[in-house]
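Enquirer: With the hints as extra help, turn the sequences into a complete structure.
Protein chains: 2
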Amino acid sequence: MNLPLYVSKPLLPDLETLVPQLKEIWASGIVTNNGPLHQKFENALEQYLGTPCAMAFNNGTIALLVALKMMDLEIGSEVITTPLTFAATAHSIAWNGLVPVFADVEPQSLTLDPKAVERAISPRTSAILAVHVYGNVCDVVGLQDIADKHGLRLIYDAAHVFGATIDDRPIGLFGDVSVFSFHATKLFNSLEGGAITSRLVSDKEKIYSLRNFGIKNEEEVVDIGINGKMNEFQAAVGLLNLPLVAEERSKRAQLRDRYNYSLRDLPGVRLPVTQKNVFNSEQYYHLVIDHREFGSSRDEIYDGLKESNIFARKYFHPICTDFAPYKNYKIHTTHESPYVNEVKSQVLCLPFHSGVKDEHIEAIERQFRRSLRAS
Amino acid sequence: MNLPLYVSKPLLPDLETLVPQLKEIWASGIVTNNGPLHQKFENALEQYLGTPCAMAFNNGTIALLVALKMMDLEIGSEVITTPLTFAATAHSIAWNGLVPVFADVEPQSLTLDPKAVERAISPRTSAILAVHVYGNVCDVVGLQDIADKHGLRLIYDAAHVFGATIDDRPIGLFGDVSVFSFHATKLFNSLEGGAITSRLVSDKEKIYSLRNFGIKNEEEVVDIGINGKMNEFQAAVGLLNLPLVAEERSKRAQLRDRYNYSLRDLPGVRLPVTQKNVFNSEQYYHLVIDHREFGSSRDEIYDGLKESNIFARKYFHPICTDFAPYKNYKIHTTHESPYVNEVKSQVLCLPFHSGVKDEHIEAIERQFRRSLRAS
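Quick mapping for you: the protein sequence lines, in order, are chains A and B. Counting from 28, one number per residue, gives the positions in the first sequence under the working numbering. Counting from 28, one number per residue, gives the positions in the second sequence under the working numbering.
Everything labelled a hint here was simulated from the structure, so no lab data went into it. A couple of the hints might just be wrong.
Since copy identity is lost for identical chains, a pair holds within one copy or between any two.
Unchecked claim - For lysine-lysine, the following DSS-like pairs were computed, each having C-alpha atoms within a straight-line distance of at most 25 Å:
#, residue 1, residue 2
1, Lys341, Lys243
2, Lys384, Lys341
3, Lys243, Lys354
4, Lys67, Lys384
5, Lys36, Lys333
6, Lys176, Lys142
7, Lys357, Lys243
8, Lys333, Lys243
9, Lys354, Lys341
Expert: Here's what the structure looks like:
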């Protein structure tokens, strides 16, 4: 059994297929700045994601900064988001001089609860930054309704849903813009990387500008931009990884079925939901473990697996409202107390990639059953 | 004669030397997140730059954002800088919620004039962001005096002075921190890339945190950080390029002498200054062309060269105070009118890398002499 085993393992093309791409880079001498591979990669990305606008970035966080900046939100205004997300979501709001306001999540999908969002709205609210998590998609209809009703911008952090669709509609077409991450831990990666997608081709000009210092041409700088450029090496890896995603995804879908079958009868262990009419991105396999029913806690299982060199992740734990910078921030909710504060000590992501073998699944199952008996 | 000829040409290692590094990456499966090559690169960088702290970034602009953030300056406070710089300098001030305040440059070095800086100080001033330009270093003593006298933080944008020293003291040790760029256009590059250096090892912890989402450990997020991580491909290129810098630099030093000799007798053409006790980084070869004496303007020479497929750069033109976002910003000066507004239409950077051959130099000289006769 190959150990240690981690939650993710970066998808990489055969090195033999990369070398010819590198030779092209060496021949042209162009290593960055919207080079030929970068342009080819963006075209391929638009095809793959089914969005007329897909702009590549050096990483997803810089893409988030730019996505927020292009909305032209008033400095100091409030952006409603979920605390059950990676740090980058809240940080990009704060780094841009905006105020993150947290709202509770839906118990089933663990995504932002539209009813909680409504409670979080104040006269200073300017936008909603919703996050599709684990592969679960948000209530896109409910959130868009609220955004429309209150005149708010709606941005999706789509880091976990590469290639997903809802009713056959590509996930990158919802809201004003969506932001993807191509970090090594993602289903699709370009080492580091990210993208902003939009249903509007007309968004390209602004995104291009903000990504490249606001430079319009040799004589004009029109925006306060930064450097979000993806280099040609990243684009080369992206181009070669894109055709490999379908197979990796389908292996993960099989793995999901295997996990579901292995763990189906464990009391207090909630398996991932299946969302109707959603093509799942198979980003993470997450369980919700209620220790009152299961007997052992999420942390005990995590520790037990770790002893066997299997590294699950308490993802997301801590949640944003546990971080020092947002420590006293309220979580708006329709419940008596925020559901997210309960579930944060119950979620566990299991190793989820094509390198997970039957014997790994069996070892993980054994640990769950040991923890169950121990309780 | 190899044409077109550009101002810069990225230094790249032999592809044959890169492939074994890539094999290492493939074997480890670690493509980013402070991986083994990244760590090796940072150690090599500390050695090369002679700074006890050198932290690598995905690019120089993100490094600038982090350098400013680590100073903990009050939001809305003023940072004094030069308008004769690349857009990234002013933009990183503005993106961080600070206000750029512009001061004039010294006619000789074209770096920030300490006397102009003093005029720019207000009760809201929190820091100075000085820029070493073209390879010329700032008046580090004059600027530090002002910073000390007024209790201001002093940050250097050192994108143009990789490996420079003043009186044998490494350039990255001046001020509070220095920010380097390893963009493809720089003497040393890692495709895209950058670094923050400091004379304090104790700065590492904060920089590391801000570069990686403020994550302290699995249980704690302590800062509002972003993603400034350099990936392993960039680190591999950086490691292989570092030993090539000395030769590239010395070829450029010879090229400088050649240019100086070719253009020495042209009236109204000011050659680059030689700064005493400074080890020059040989980043750019810049001329200052006074059309009143020379007869033709900088733009006429630029256009003439362009017709021969030689692409000089009007660098920096436009200057920051010409950009739409800073259009009505004052330039503080001790002169009747800012010198920078005069020199911005006079500076011209010539092709400056080891690929520039004798015939190129001769073609460039011919263009200058044609422009001279035409006047």
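Enquirer: 25 Å Cα cut-off: does Lys176 pair with Lys142 within a copy, between copies, both or neither?
Expert: Result: close within a single copy only, 13 Å intra versus 55 Å inter.
Enquirer: How do Lys341 and Lys243 come out at 25 Å by Cα distance, when the copy is not named: within, between, both, or neither?
Expert: between (44 Å within a copy, 16 Å between copies)
Enquirer: When no copy is specified for Lys354 and Lys341, does a C-alpha distance of 25 Å or less occur within a copy, between copies, both, or neither?
Expert: So Lys354 and Lys341 pass the 25 Å test inside one copy only (19 Å; across, 49 Å).
Enquirer: Given a CA cutoff of 25 Å, do Lys333 and Lys243 count as a within-copy pair, a between-copy pair, both, or neither?
Expert: between (52 Å within a copy, 20 Å between copies)
Enquirer: Classify it for me, Lys357 with Lys243: is the Cα-Cα distance of at most 25 Å met within a copy, between copies, both or neither?
Expert: between (41 Å within a copy, 23 Å between copies)
Enquirer: From the Cα coordinates, with 25 Å as the cut-off, is the pair Lys243 and Lys354 best called within, between, both, or neither?
Expert: between (41 Å within a copy, 15 Å between copies)
Enquirer: Cα distance capped at 25 Å. Does Lys36 pair with Lys333 within a copy, between copies, both, or neither?
Expert: within (17 Å within a copy, 49 Å between copies)
Enquirer: 25 Å Cα cut-off: does Lys67 pair with Lys384 within a copy, between copies, both or neither?
Expert: The answer is neither: 35 Å in one copy and 33 Å across copies each exceed 25 Å.
Enquirer: Have a look at Lys384 and Lys341 and pick one of within, between, both or neither, based on CA distance no larger than 25 Å.
Expert: within (21 Å within a copy, 59 Å between copies)
The earlier numbered hint that this structure contradicts is number 4, and it is the only one.
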